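**Student:** Sequence:
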Amino acid sequence: MARLEEKPCEVNSSLIEDDYETKHAIRRQPFQWKPNLPDVVSNNSTKIVPCRNSVQGKLIIVDERGYICNRTELDNRGCCDVTLQHISKHRCDKCSSNGCCEQFEFCVSCCLNPEKKTLLTRVLEEARQLGDRSLASVGDQFELCLAKCRTSSQSVQHENSYRNPKAKYCYGGNPPELLSLTS
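Sequential numbering of the sequence shown, starting at 1, is according to the working numbering.
Hints are computed from structural coordinates only; laboratory data are not their basis. Source: prediction; values computed, not measured. Hints may be right or wrong, so weigh each one.
BS3-like cross-link-like pairs, simulated, lysine-lysine; straight-line CA separation at most 25 Å [as the list claims (entries may be wrong)]:
1) Lys89 / Lys166
2) Lys94 / Lys117
3) Lys117 / Lys89
4) Lys47 / Lys34
5) Lys94 / Lys58
6) Lys89 / Lys34
7) Lys58 / Lys166
8) Lys94 / Lys168
9) Lys34 / Lys166
10) Lys168 / Lys47
11) Lys94 / Lys116
12) Lys47 / Lys94
13) Lys47 / Lys116
14) Lys117 / Lys47
15) Lys89 / Lys116
16) Lys117 / Lys58
17) Lys34 / Lys94
For each label pair, taking beta carbons as the anchor points, the in silico distance ranges come out as [to be verified]:
18) Leu37 / Asp93: 21 to 31 Å
19) Gln129 / His86: 20 to 30 Å
20) Asn76 / Pro165: 13 to 23 Å
21) Asn70 / Glu126: 29 to 39 Å
22) Asn70 / Glu125: 28 to 38 Å
23) Pro30 / Thr72: 32 to 42 Å
Note that the Cβ used here is the ideal one computed from N, Cα and C, for glycine as well.
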């Protein structure tokens, strides 16, 4: 009869350290709610402060202030040019009340609305408690909104099918409504 050798259970200490560091790095990180960018740069300003935007949109983008515009309507900083009359901020018209939106850029724009701070504080705290690595490195509301809208597993029903194809980008804590396959 063969004898099984008993080996003590090995614990990978680097995984424990990584998990510990992730949880504690999240708690130490200062979080910024508002961008430090003016909507319009004065003509006598010599310093150009770059503006972050969503980059990936083929036709439209959202900048870190919450403005949505066509890719061709960026100013020299990379922000949407707010001198154009039709450029709008914090667009939630393509989003449902649970924070799920038709398009990624509208999700980020709506998420950047200052009225969403209470909801996002709750989302961020929950992520911190769970040690959510996708949100571990966010330092401000723009990064949080990009991450939440991009990586919402709550919108997926099964593998590559969405619970609601018209509301697959979510910043809130609740998943989109499940659409019936017969409708």
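**Student:** Starting from lysine 34, check that the Cα of lysine 166 is at most 25 Å away, please.
**Tutor:** violated, 29 Å
**Student:** Holds or violated: lysine 94 with lysine 168, Cα cutoff 25 Å?
**Tutor:** Roughly 11 Å separates the two Cα atoms, so the pair holds.
**Student:** Just tell me: holds or violated, for the beta carbon distance of proline 30 and threonine 72 against 32 to 42 Å?
**Tutor:** Cβ of proline 30 to Cβ of threonine 72: about 35 Å, so the range 32 to 42 Å holds.
**Student:** Starting from lysine 89, check that the Cα of lysine 34 is at most 25 Å away, please.
**Tutor:** holds, 14 Å
**Student:** Using the beta carbons of glutamine 129 and histidine 86, state whether their distance is inside 20 to 30 Å or not.
**Tutor:** Violated, at about 42 Å.
**Student:** When you check the alpha-carbon spacing of lysine 117 and lysine 47, does it fall within 25 Å?
**Tutor:** violated, 30 Å
**Student:** Given the hinted pair lysine 168 and lysine 47, is their alpha-carbon gap at most 25 Å?
**Tutor:** Not OK: lysine 168 and lysine 47 at ~39 Å, beyond 25 Å, violated.
**Student:** Is it true that the CA of lysine 89 sits at most 25 Å from the CA of lysine 116?
**Tutor:** holds, 14 Å
**Student:** Please work out if lysine 89 and lysine 166 have their alpha carbons no farther apart than 25 Å.
**Tutor:** Holds, because 21 Å separates the two Cα atoms, which is no more than 25 Å.
**Student:** Check whether the Cα positions of lysine 34 and lysine 94 lie no farther apart than 25 Å.
**Tutor:** Judged against 25 Å, a Cα distance of about 23 Å means the pair holds.
**Student:** Checking one constraint from the list: CA of lysine 117 to CA of lysine 89, max 25 Å. Satisfied?
**Tutor:** holds, 16 Å
**Student:** Against the 25 Å threshold, does the CA-CA distance of lysine 94 and lysine 58 hold or violate the hint?
**Tutor:** Measuring from Cα to Cα gives roughly 18 Å; hence the hint holds.
The earlier numbered hints that this structure contradicts are 9, 10, 12, 13, 14, 16, 19 and 20.
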